[in-house]
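A.B. asks: With the sequences and hints as input, model every part of the structure.
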Amino acid sequence: MRLAFLLALVAMLGFALSCGERPAPSLDGNLGGTPGPTETASPFDEAPSTSVASPSPATSGSAAGNLGTKYGGILVLANRSDPPSGFDTLRTSSIALHEVAGALFGPGNLVMRCRENMYLVCPYLASSWVTNPGFTEWTFSIRNDAYWHDGVAFTAKDAKFWFDLAYFGVKVGDKVRAPAYFKGEFGDVEEVEVLEHNRLRITFRHRSPYFLDVLADPRFKIAHPRHLMQKRIEQGEVSITPLDVGLVGVGPFKLEKYERGSVLRVRRSDRYWETTGEDNLPYLDGIQYVVMPDPLAMDVAFRTGRLDGGARGQEHYLTSDRKQGYVRDLGQAVFFAEMDGGNVRLAFNVLKPGPWQDSRVRRALALWIDKRAAIPSALGGFGWTSPDLGPPNILLPIGRAQFINWPKFDRGALEEKRAEAKRLMADAGYAGGFSMGHLCRALNTAPCEFLKDQLAGLSIDLRLQIADEGEWNAGRVSLEYDSQQGRLTPSPIPEGTEAVYGRYSKSPDAYAKHEDPKVDELYRRLRDALTYDQRVQRWAEIERYLFVEQTYIIPIAEYTQVAPYRTYVKGLVIPPEDGHTHTDFATVWLEK
Amino acid sequence: MRSYLALRLALIVPTVLAASIAVFVVMRVLPGDIVRTIAGDVPVSRETREALQEELGLNDSLPVQYGRWLWSMVNGEFGGRSLENREPIRSVIGRQLPVTLLLAGYAVLLSIFVSVPLGVLAAVWSNRWPDHIIRVTTLVGLALPNLWIALLVLLGLLLFFRWSPPIMYTTPWAGPWNHLQMMVWPTLLLAWEYSSHLVRVTRSSMLEALGRAYITTARSKGLPERTVVLRHALRNALIPTVTMVGLQTSALLSGTLILETIFGLPGIGRGLVQAALARDYPVVQSLASLLVFVSLFVNLLVDLLYTRLDPRISHAA
Amino acid sequence: MPIAKNSPDPRVSCARLFTKALSAICVFAWTRPLATLSIVALVSLTAVALLADVVATHDPLGQNVAERLSPPGADHYFGTDGFGRDIFSRVVYGARASLFVGFLSVSVAAVAGMGVGIVSAYSGGIVDLLVQRVVDVLLGFPFLVLAVIMVVALGSSPGSVAIAIALALAPQVARLSRASALSIKEEPYVEAARVIGAQAVKIMWRHVLPNSLPPVLAQVTGYLGAAVVAESTLSFLGLGVPPPYPSWGRMLQEGARHYFEAAPWATIFPGLALSLTVLASALLGDAVRDLLDPRRAQSLGRTPKR
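Residue numbers (my numbering), protein chains in the order written: chain A, 5 to 596; chain B, 971 to 1287; chain C, 25 to 330.
Think of the hints as simulated: they come from the structure by calculation, not from any bench. Don't take every hint at face value.
What the hints assert, rightly or not - Each computed EDC-like pair below joins lysine to aspartate or glutamate, with the alpha-carbon atoms no more than 16 Å apart:
#1 A:K327 / C:D77
#2 A:K164 / A:E200
#3 A:K426 / A:D362
#4 A:K522 / A:E545
#5 A:K179 / B:D1030
Unchecked claim - To be clear about the criterion: a stretch of chain A counts as covered by chain B if any three or more of its residues have a C-beta under 8 Å from a C-beta of chain B, and this derived list gives those stretches:
#6 240-253
#7 258-270
#8 289-298
#9 306-316
Beta carbons are placed, not taken as given, at the ideal position from N, Cα and C, and that holds for glycine.
C.D. replies: Here's what the structure looks like:
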């Protein structure tokens, strides 16, 4: 993910330098043409204070000439399960929710990831913003033409309501509503206030130059209408959910019918404000999300033409073997969206006594593992690893040498690395191997089985401790496990990665368990970096410390998440990474 | 007889209560945590976790939690709300139970329709080719694991016929053709296994009945063979069959689980296991108790049917 | 032949016994071909499971990505799976897990069920009523729910899976043995024993148990197949014997879901092994039932001895 951030920075540099003439990034074949917004949203500049025109999502060059023919049609998609937690985006980041939440609640909150380049931040409910020189105050101007699905206008008061709910939670009498799970990412917020002219100001207790990037996470969606929820909360219904109030949102589609366990239907919201400059979005008449928990059933349904798009989610993303079946049955009638997904990592609990407390042992494991072998087996055939490059979805003019991610370490032939590994193990006194526990998620045991086989080469017996969802969520934050998988929700900026690596400070629940204050200090230095070069350098330091010197975590490979769509589905925005992004389908039309 | 009935009926309630307590205790004892499951993939801070636990009422003492659940079962709430997605359990049951009951119902009806004639046939022509064919078919039906066959059927339909069952469930009156297409294969698969049991039992009990003295008597009286078989032997041979129907109900209900998952039917089997895996305590408690109740009820009906078929059995406890 | 006063010539006796045994087996195989087949199948499966180390050609956990999804051949009799692991060896080792679970759960269910059923039937009265209610409660649970709850509570190991399945099967055995014990209770010899003053336990052990055994045994042998299928169902849900140790159920799930078209052998062979086990056990159950119930044997068309 770090490399993704570098790509973003370089992209911005490229944009700034090319003075208005922007290259057309070739994402998938369905989204070409020129990108829209002009702001650069670099954290090193002041945010633009001028109001920017609505983002204009690119339309395919081969679009039909008439405005009229793009409109209409119902898109039928598979979804992994019923959206959990009453559609409460403050409670869960589950893809089963966000696949649906995009249509109902929009691709972002006040800001969003730009459709043309997800590493940039674009306006959404806020039309513009300013910050003070110290980056402690961010003031957003809320747009005047945004409406909830029931006709009520969206104002700064609604934004404040949502922020309060997310950051502070609610306490009514002795009933407590917990703040959002992502509250920690905002940092230390002092106050959220509504100003005149429909503006919202958020005040921090510390410098927050990257707040926009943090805020533009596709998971942070506003699903909580103040005019429907506030009164009920004050009356004691603190755990009210968006489902309780009828799934009223601000997104391009509104709820039509929800048959639980079966299908969720949404249809076009006529009040939606986004346009392409010519067309009012969305094009589609509606979307149907069919609940299909079994991937095989989804494969079968798609290949017989009952679905227009596949479901997202760990088990549902295609493996190379399953993809062959799709190609065989549909040939040119199907295309595959490829997004960079989570990682396979081996994370150690250094606080538990054992041979892995010795950094030489951890380093030996890092050198020994044949990462390439993970791709066909543990990753289902789609993914990338050191020293190969990133998702095929990105095509930006930068050289390989500039990647600062862990591909830069551990280059060399596998035999040499393995010889070194054996030497390190012998040095540490474990030439005969040892036994190590490994917490494994029942939903996906392939990486665990892969690791077990790999480590057997060093005479290490990796005892797999399989846990189902409830147990896994509890287990991975405890200190009882010797090692675990260390997956991460993708984040384009390193500040989002502390939760993985930084148990010491912000997240006692991090995957790698250690009490190393140096990691904390390194992140602090990163946050204090004032120039781009400094930032890159400090990021490289973090990686070198984490992966080479201490090896608290061994990154092995990254998934490429592959979702199938029929080729008559046009205008799909496929993010280079993070399948939670751009699930609003506002720009999609059907060419049947 | 009447007192026995009354006793049995009265005993259903404490039995169900006992079952629900057992489930409650076991579920609470399990490792893992609904709070974590709700949060999904993200780590939760301690304060978030604690607040969530408070909110869900998980901090109250166990008896209080159980009492709360029990009260809601009685007053029609059926256990309150699902912890995972906040749905009232009343509506969970309302939408899932009919699907499973329909599927189970179709399978049972089809099985009975098919098994009794086949069983009789196999018995009457025992050890000749019809019997052999029937026996082999039933053996195959019992031997092949449901889940494997379901997968093979699904894949076979795809590969050879380019067809798959519909993906959105409709009730029979809202979309009969759609409903039929969704239900036909799960019903057939379920019925195949179920009727294999029934055929075997019917066959062996028919054989036994046909060997009895009263049959010889009937034959010697000059009655046509058909009357002998159907009127006299079958009546008594049906008892074990009826027992089997009752015994297999519970198995049937759980047998629908795999089929519901594979064929995408939003029924109670699939819902129950998913709730158990997600530690959704109220849903599991309510659904399990409901199923225990249904099963006990069916068994009681079976026992009653017993006495109608064989007046010698008196149930004097 | 000299008249044997002391011990007969051992070689002759042995020869005689041997011939007798052989001919008995031959008769058995001739008259009950299916039963013989099933016994042979089960015995060889068990042997394979026990001798897995010898029979298997490769390490069941050994991954070799270069050879993934290769078709059956001289090198890999059943081909390889998505990790490049040899399927034949995995099926062989999987037999271990499945049969272990199967035998253990059935034995536990049989012993526990019979114990409960007989004691309950013999005691009668309140004890019987209460015990039967407990049995009813357990019978009321859909099998899979019970299994899911138990496996999750006890952890996902072969032992706990076996206990979970046993818990689901035991009530049925209890019911069955109670029914037959009830009728045996009224038999004159039991009555006689009671009159003499024999202890209840002794009566149950010496009289009731052996006589209620046959129908129970007949039913229970059929349960082996059900137990093995149950284990594979649990594996399909992700609750069976944990990976990476081979389990037929999980092999089925992986094979069907991920690479059915690319490598159908990954699904077919474990399924065949499973079906074979279940079939053999069902046939054996049939045979045992025939054997133990002479009336049935009669009505099956064998010439009754007049």
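A.B. asks: Where does the structure disagree with the numbered hints, that is, which hint numbers, in rising order?
C.D. replies: 1
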